[in-house]
Amino acid sequence: MGFIRETGNAARGMWSLAVGLKVTGKYFLSPQITCHYPREVLPNMDTFRGHIELIAKPSNPAKSKCIACGSCARACPSGCITVIKKKAEPAPAPEAAGQQDESIPAGQKKKPPKKTAPKEPSLFALDFTTCSLCGQCVQVCPVSALRFSSAINLAGYTREEFHYDLLQRLAEQAEK
Amino acid sequence: MNIDPQLTRILVALVAILLFVAANAIVLVYVERKVAGHVQRRPGPYEVGFHGILQPVADAVKLMGKQLVTPGDGDRVIFWIAPLLAFAPVALCLLPITFGPRTYAFDIDLGLVLILAFAGLNVLALCLAGWGSNNKWSLLGAARSVAQNVAYEIPLLVSVLSVALATGSLNLNTITLTQGTWPWQWNWLINPVAFGIYIICAVAETNRAPFDLPEGESELTAGFHTEYSGMGFGLFFMAEYANMLVVASVATVLFLGGWNGPGAPGWWWFLVKMYAVVFFIIMLRWTFPRVRFDQLLNLSWKWLIPLALANLLVVAFIVKL
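Sequences listed follow chains G and H, in order.
Mapping to the working numbering: the first sequence position 71 is 71, numbers consecutive.
Mapping to the working numbering: the second sequence position 225 is 1225, numbers consecutive.
Please note: incorrect hints may appear among the correct ones.
[Unchecked claim] Straight-line alpha carbon distances no greater than 25 Å define the calculated BS3-like cross-link-like pairs of lysine-lysine that follow:
(1) Lys63/G to Lys119/G
(2) Lys26/G to Lys1034/H
(3) Lys176/G to Lys57/G
(4) Lys57/G to Lys87/G
(5) Lys119/G to Lys86/G
(6) Lys22/G to Lys1034/H
[To be verified] Restraint-style ranges between C-beta atoms, simulated for each label pair:
(7) Glu6/G to Gly1072/H: 40 to 50 Å
(8) Cys35/G to Lys1062/H: 18 to 28 Å
(9) Arg49/G to Val1069/H: 34 to 44 Å
[Stated by the list, open to error] Facing chain G, a subset of chain H residues (Cβ under 7 Å, in silico):
(10) Val1039
(11) Arg1041
(12) Arg1042
(13) Pro1043
(14) Thr1287
For the record, the hints were derived by calculation from the structure and aren't laboratory data.
Owing to the predicted nature of the structure, the values given are computational and were not obtained by experimental measurement.
Ideal Cβ positions, reconstructed from N, Cα and C, are used throughout, including at glycine.
Using the sequences and the accompanying hints, generate a full structural model.
Below, the structure written as structure tokens:
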């Protein structure tokens, strides 16, 4: 009985080999599904995760929706995001928020009544060399001001070329 | 001065065969990579020349330009004899093969024996390569190749023997002629068991996937040729493709009617059939995963050898009738 069972197993095994050959044979004859990258580019890049970029306000394409809360910088596991909140403008002498206002001379400080700093970043920097594209920043953003870009053509000779100023990038995009 | 015409013929044939083997290696490298690509639904080599047709040339130039490194504590002589020994017998193996009605180097009665004898040298080359490298991976690869070749030579010989027994000749020309012109007159349908066993053993003998355990990239880095660089590796590589050529040629002569193809007989039918077999072997490589070593030996000793022997008995019985 053992011999018969073994023979049956072997026959089934042989059949599975034929099935395998049929699969590869079919694939051999079916069209290719890869893309000859430099000559052609995939049409749909929606699912591509490039480095993060800021989303513009619907009213002003040069201004980001970012409120400079810094959640993204805190959420980032590799600490590659730097957000600096814009200070209140010193010329009309604001009563700026936070401790960073010590540089403003005391005399100017009291002139106008209260003026809060605008809720927007003065700097939004990304060090893409340490980013792992985990997307924590995109998820955590309370105003949905971040998304993955679809920039696929990234190459550079130095590390510094991948330190991005995302505000500047947004402004450049708006100009186009 | 009197030159032996037989000698001249052999010399000319040897040069022609070596050229053919080299050209064949270049073409097969390209075909292999293209087939691999298409099976995986990608284009394969594409950038060098039209559809990557110059890729093997670029590879060959790279291999020739590389430095030849001998491992520190390796056995220098053995290490460098091995690739030569792997490649040299191939020319001899192709000598008695009848490519066409008159396209053969020399017609000897023991052509089949000559091929089988010199095909056995390949395992010695792998063994020396593994030993001379002074590297555990190489040595493991060599040990595997010896065990594998010993195991698979037996069913190979027995299946070839059953054909020889039915034909009553070891002369490849005679074997070709005894098969008819049409596919149903060929030995692959008359003796299908021997054909199947021969193909399996041929793949194993040429150390190709799914029986490429002596190389075994995933577990042995590159097996017996781990330490070889440049043309040392290149020779092993050429030998592998040349051996494919030999086993495919023998399969064509023994089982597929040789040049005596359907309709107009000639060398073109031989080439078509031979490259069909080569293509089949390439497809096997890109279809099946590598077998485990115990599976490999079990397959040979528990299945192929008993089957081949039983087949031989049946053939002998029928021939006697």
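So which of those numbered hints doesn't the model satisfy?
none
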